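**Student:** Chains W and H supply the protein sequences, listed in that same order. Under my numbering, the very last position in the first sequence is 113; numbers go up by exactly one each time. Under my numbering, the very last position in the second sequence is 111; numbers go up by exactly one each time.
Please note that the accuracy of each hint is not assured.
To be verified - The calculated lysine-lysine pairs, modelled on BS3-like cross-linking and capped at a C-alpha distance of 25 angstroms, are: (1) W:Lys105 / H:Lys14; (2) H:Lys44 / H:Lys14; (3) H:Lys44 / W:Lys5; (4) H:Lys57 / W:Lys100; (5) W:Lys71 / W:Lys56; (6) H:Lys9 / W:Lys71; (7) W:Lys56 / H:Lys9; (8) W:Lys100 / H:Lys14; (9) W:Lys105 / H:Lys9; (10) W:Lys105 / W:Lys71.
Hints were generated in silico from the structure; no laboratory data involved. This one's a predicted model, so the numbers in the text were calculated from it and none came from an experiment.
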Amino acid sequence: DQQVKQNSPSLSVQEGRISILNCDYTNSMFDYFLWYKKYPAEGPTFLISISSIKDKNEDGRFTVFLNKSAKHLSLHIVPSQPGDSAVYFCAASLTGANSKLTFGKGITLSVRP
Amino acid sequence: NAGVTQTPKFRILKIGQSMTLQCTQDMNHNYMYWYRQDPGMGLKLIYYSVGAGITDKGEVPNGYNVSRSTTEDFPLRLELAAPSQTSVYFCASSPLGYEQYFGPGTRLTVT
């Protein structure tokens, strides 16, 4: 049973435009959400996170939105740059679970120059 | 700071062989994790540790063992390697949980 779903395997956008990466989850007990970015042959790197008590968190070009009623979160990258081309993983955790993360399958983002 | 280091980077094992994947972090983090990533899939948690001497199973622990004798090291042991263990293995650490810092990974092939 996949508790964190990233249903679109890939996304291609033009440089300078907005990239919107979506993630859905099924476990309503999740209370902390993270996005990781991964380049080929490297480990994932932490990008941005959001607690369930918020509905938006912003860090530079990256903004994460959380819709708890829809069990949906999204990562907005604006403006998109070619260096943003990577695999993006959505992850979720719940308090008291020793911060174990449940990951989605990832979305491959390609930013065209 | 080297962060999280993993050795080896690549390894080919024959079915039935054993090996240890090494993981070391120099950030004095209490939490450490082992994940595997199969092609087209997300990361799945194998084992984790919340401090030296304390380990617990994750989602896919079968066929693996871990130990945590020091804060810095968290080796993953594969006994009797099977083709199903062909994967990329990532070690991660975290100071308080949630935001985890990952190593570069070990690509393992079992034939």
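**Student:** If a hint holds in the structure, say so; if it does not, say that too.
**Tutor:** Here's how the hints hold up against the structure:
{"no.": "1", "hint": "W:Lys105 / H:Lys14", "in the structure": "28 angstroms, violated"}
{"no.": "2", "hint": "H:Lys44 / H:Lys14", "in the structure": "23 angstroms, holds"}
{"no.": "3", "hint": "H:Lys44 / W:Lys5", "in the structure": "14 angstroms, holds"}
{"no.": "4", "hint": "H:Lys57 / W:Lys100", "in the structure": "11 angstroms, holds"}
{"no.": "5", "hint": "W:Lys71 / W:Lys56", "in the structure": "14 angstroms, holds"}
{"no.": "6", "hint": "H:Lys9 / W:Lys71", "in the structure": "37 angstroms, violated"}
{"no.": "7", "hint": "W:Lys56 / H:Lys9", "in the structure": "38 angstroms, violated"}
{"no.": "8", "hint": "W:Lys100 / H:Lys14", "in the structure": "31 angstroms, violated"}
{"no.": "9", "hint": "W:Lys105 / H:Lys9", "in the structure": "23 angstroms, holds"}
{"no.": "10", "hint": "W:Lys105 / W:Lys71", "in the structure": "17 angstroms, holds"}
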